[in-house]
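Asks: My request is simple: use the sequences and hints to build the entire structure.
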Amino acid sequence: MRLACLTEDGDYVDIASAIVREPLVVRALLTDALFQCQAQLPDSLDYLRTEQAIRDYLQHFQGEQERYVKSYVLCRTLDQRIQKTPRADIIYQSFHYGGPLALVGIFYATLDAHRNPRNRETLDFFLNKASSESKLELIKRTSTFPCNSSVGSWLQRIFKKIEPDSQTLAYILRGLGAVNIPKELFRLVRMASFTWGPDGEIRTVTPRIIPLIQEEQIFEPALRNLENRSDETVWTAEAAKIVIHAFPKHSNIEPAEYHLLPQILNPRVMALFDSACLIQLSEVGLSASNFGERLWKYNAVTIATEAANILGEDSADRALLLALANVRKASLALLYEDPGKWQAKSISFPNYDDRSSAFSSKLLIVKAREDVGFNAIASASEHLMNFKPTWNGTLSTLRKSQNRRVAFMRAKILRFEGRFREAYEILITLAPPDSSVASLLAGVLCELGQCDHAIQELNQQLTITRHPKSVTRVRLALANAYLMKCMQVFQGQGRRLDWRSLQASRDIYEDLRAHPFPATYFGKIDHLSTLMGLAIADHLNGQVDNALKAWQAALAASQAFLLTGYTDMIQAYSTSELQIRRGASAQADVLGNYAKALFAKTGRQYHFAGIGSFWPDILNSWYAASGRQPVIPPRRGE
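The sequence shown: position 403 = 691 (this note's numbering), numbered continuously.
Just so you know, these hints were derived from the structure itself, not from any lab.
It should be emphasised that the depicted structure is a prediction, and the values quoted were computed from it without experimental measurement.
Ideal Cβ positions, reconstructed from N, Cα and C, are used throughout, including at glycine.
Computed cross-link-like contacts, DSSO-like style, restricted to lysine-lysine with a CA-CA straight-line distance of at most 27 Å: (1) 757 - 812; (2) 688 - 633; (3) 837 - 812.
Listed next, with one range per pair, are the computed distances between beta-carbon atoms: (4) 890 - 603: 46 to 52 Å; (5) 508 - 716: 48 to 54 Å; (6) 890 - 298: 39 to 45 Å; (7) 913 - 837: 22 to 28 Å; (8) 406 - 680: 55 to 61 Å; (9) 298 - 508: 53 to 59 Å.
Replies: Following this line, the structure appears as structure tokens:
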């Protein structure tokens, strides 16, 4: 259960956002709620004061000076004077039910109660005022409170002295929060992790894990004798370190399949991390944001941002990680059509070494994508021109990777401009091609009249592609290639249909159309491409009624997420030609005039396979055959 506020407009706002917007109103609401709790739970006000006292001690805790709690955790013994007091039982319960963090907070919040009035009130709450339920709940909650950064190193020193046993392992496994935990995770955590160094080369990071996990000869016996125990934030933090270290930081370093246990990315354990763990956590959040559903992606970026923010201002990694998180937010805003949330133009990027300079390409690519969305193709190209292919004359491994991404985006923009030969010259340098490169290259080959070559390359790519989304991408490119071959044959061989290619394209399109409706902008682009492919297939086949329905479906999909423009023009022009076949001259004229008006604003565009080249040319030939002036002027060179 979580607190939220209901606004006057009927919208729910999470409590953190509500406090920012209306702090006084929220405080009044919380106060009212507290007094209502007081009527049901008479110890509520005392509970609040006690919790505040414990929180204060945890925030000001100095681990390097601590000696009392450490001794209790390791030996389970107390000073003789404490053992004879009722406070001893409170200390025992705090450790038993809340773990080391609860023990620290409650131990020091009740220390020297005979001399400290506030501590005397806290002890009195536990001994005399609190119900047994309230006492137990507060002890368990204490392990979730924010604490001083020195707690992490203090705990690490204790862990090194704890005798490795199954109970310790049980806490960690429970902290991982999954029913089935692969042993592969523990194997990976004993190996070096990889990230990018300031020089743009791969750098190894040694594990910072307790010996129980890191040393296999200790881990295996403990695992065999494992007992089931309850959850604690401390062990969740240790579990988090395991996953953070083992999780790949960048696909170009480790192309292994990504696995993550989402429960680990929890802000409350960050206070237990040193700077090295925080850097890794931020990297993992950024990496994990490339997978999963929309909410998970945004949550992962939030974790990455929070981890980077905790780093000191003097950390060289802080500015870079925050900039990368902002770029990722802008990328997600583009992906999920939330431009108001974050835009790349508002982001500044540090540029102080090879690594930061290479990663700046991510910002330039997102800026280019934003401009392409507004059809500002020239501006998109200018962004990419700002990327430097080397750093002080050197070409690092990271920069090679980012150069490839920039080159791919540049080739895509050239394709959008209809500069297919130039795009081809770039794409053939990006070997070996992945599914994205292979799909774009195939589209360019088709535009250059090499459809058979494109089909051959895509069929080969399908044999080595495994990821479902990548397979879908290649199959769509293959359907487009078959359809473009059909259009090419139709144009060049006296309007003869290549029935085999037409049927092959249609079969793939029909299968892709049956997929769940996409949630992302680029998924919707592919869906629209599928619908237009089906419309062209029916149109070429002379199925007038089916083609009209298909073009209407494509128009509805386009209008749902794109501004009125080129795709509307193509739909109007295509539908006009079909109305001519039906003898509906008046409708054909209206649609044709609308298409002309739109084309005057858009010109030819090549965002979709064949839609800027072969298909308008075929429509022009049909229009001319009916005695009408074609809507679209011939391409240069025709």
